[in-house]
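> The lines below spell out each chain.
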Amino acid sequence: MKTIPLICVALGVLMMSPVFAESQKLVLTGSSTVAPLALEIGKRFEQHHPGVRVDVQTGGSTRGVNDARIGLADIGMASRALKPDESDLTSYRIAMDGIGIILHRDNPVHELSDEQIRAIYTGQITNWKSVGGNDQKITVVNKAAGHSTLELFLYHFKLNNREVRPHVIIGDNQQGIKTVAGNVGAIGYVSIGTAEYEQTYGTPIRLLGMNGVAATVDTVRAGHFPLSRPLNLVSKGAPNLLAQQFISFAQSQAVDDLVKAQYFVPLAR
Amino acid sequence: MIWSRHNTSFLSRADSALTQVTGSTALVVAVLLGLVLLLLIKESGSVLSDGGWTSFFVSDGWYPQSDEYNLLPMLWATLAASLGAVLIALPLGVMSAVFSRFYARAWMVNPLRRIMVLLAGIPSVVYGLWGLTVLVPLLGAWMPPGSSLLSAILILALMILPTVSLTSEAALSAVSPASLQGAAALGLSRKGVVLGVALPEARAGILTGALLATMRALGETMAVLMVAGNVVQTPGSLFDSVRVLTANIALEMPYATGDHRAALFATGLLLMMIVTLLAWLAGRQQGGDGRGHAHE
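Residue numbers (my numbering), protein chains in the order written: chain A, 1 to 269; chain B, 1 to 296.
Keep in mind that a hint or two might mislead.
As the list claims (entries may be wrong) - For each label pair, taking beta carbons as the anchor points, the in silico distance ranges come out as:
# : chain 1 : residue 1 : chain 2 : residue 2 : range
1 : B       : VAL21     : A       : GLY71     : 41 to 47 Å
2 : A       : GLN124    : B       : ALA104    : 56 to 62 Å
3 : B       : PRO123    : A       : LYS25     : 30 to 36 Å
4 : A       : GLY223    : B       : VAL36     : 46 to 52 Å
5 : A       : GLY202    : B       : ILE122    : 44 to 50 Å
6 : A       : GLN244    : B       : LEU281    : 57 to 63 Å
Keep in mind the hints are simulated off the structure, nothing from the lab. Every residue, glycine too, gets a C-beta built ideally from N, C-alpha and C.
From just these sequences and the hints, can you work out the full model?
In structure tokens form, the structure reads like this:
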């Protein structure tokens, strides 16, 4: 029975210890696309600033914006530009990401117009024959609600998610690539960085060009690729000193290798 | 005598301490369960109170962007996938249990059980990956897109098979040797003993195992998420892409806010209600027939 007060004391010390600790903490929340990059940048930032801890949590761009707005996070992460009703926040671009349409490598179709993609996703075209391919049923792969990739895709093709007639709904990029790689009749869309990497490593998928622009990391960097998006850090008002340092660091050349390692495209400087 | 009295009092003190420890642990578990339930109700409160719970069953479909949250298609998909998996796994599991209990040679019994235990221990995401890269393309070549209710059923059946088999075997082991010997002495063939005596006596234990397996199938998330296709629609055929309740939470929770988030908590509440119902059924099944009680 004597142990119980002891345990209480120990628990108390444990719970209070952060108060006494000198370390500074920087909390980032938001887009699951930006998070892995922010995590790597955070690790390098910690090396340069001893005593600083960078805590990265995912939850989607919308959460990043909300958390930055109400102060739950020091910095929010968003894989899109800020919307008009989010003008109370400031965004800092750290990299570019492109969304590419992917088909199976054995699909003879090499180019689709925006009009055709819209028709395929709304179920008006259901066979590859209609767009110059083999006589084969089209499997439409769409993203689950809430993903910024889905929002960008719908926005670009002026679609409402209600009109989309998907056969498969996926969560993350890898699931999308595996689904298309396993189905000759499938069409899907994922981050170009990830798709280009998988393509070079022999996964049987092919990135489609759009409006005559090839879907590559280079066209995304140059800003030519129609379906591309900025990866942003967002903050409300002027960020505190530590956050300010982190943002400048994330925008500097010192992290270009990290951006490339995540198959994103570094800023053109 | 003094020694013995001391010993007794020592034991009882130890017992009372142990009673407190085990009792408080049991209480903590019960309280945690209660807290989970409370959290689910509290978080789903905003949709439950304003739209009323009927909106989960009458609206157009699942369109979080326009605040329509119909759970029925996903409820049917969940029930269909679990039921289908049990229909496949139950006969296979019971037959494999009968084999290792009554027909297998002595040296085979242990390796067989080891394999079943190993199967039960494989993480579900591994089943999911296998399903996504092997099973789905295979089914897709036959009946595109391959991601379907059928692939979900097959993966789930594989996952719950060990549970069914192990609990069935335990139930068969618990059949009293006297009945088996008596039946054999009456000149019944081995088939007669199995069908006429062993299986009927182990019925309650086998059914309890099947209910446990159903609960696992209902709660499985990752593997089903990867192979079922996840399109929200009432399954009309085995080849339709479907989304189960667990997959709905896993797919959308990281990005959900407001009423959408609350609707996902309500999804969890619905799942918990189904599982509670099954647990109650399993308890009744076990209470009803003590002889078939599984021990392992």
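> All hints, please: hold or fail.
Hint-by-hint comparison with the structure:
no.: 1; hint: B/VAL21 <-> A/GLY71: 41 to 47 Å; result: holds, 43 Å
no.: 2; hint: A/GLN124 <-> B/ALA104: 56 to 62 Å; result: holds, 58 Å
no.: 3; hint: B/PRO123 <-> A/LYS25: 30 to 36 Å; result: holds, 33 Å
no.: 4; hint: A/GLY223 <-> B/VAL36: 46 to 52 Å; result: holds, 49 Å
no.: 5; hint: A/GLY202 <-> B/ILE122: 44 to 50 Å; result: violated, 27 Å
no.: 6; hint: A/GLN244 <-> B/LEU281: 57 to 63 Å; result: holds, 60 Å
Violated hints amount to a single one, hint 5; each of the other numbered hints is respected by the structure.
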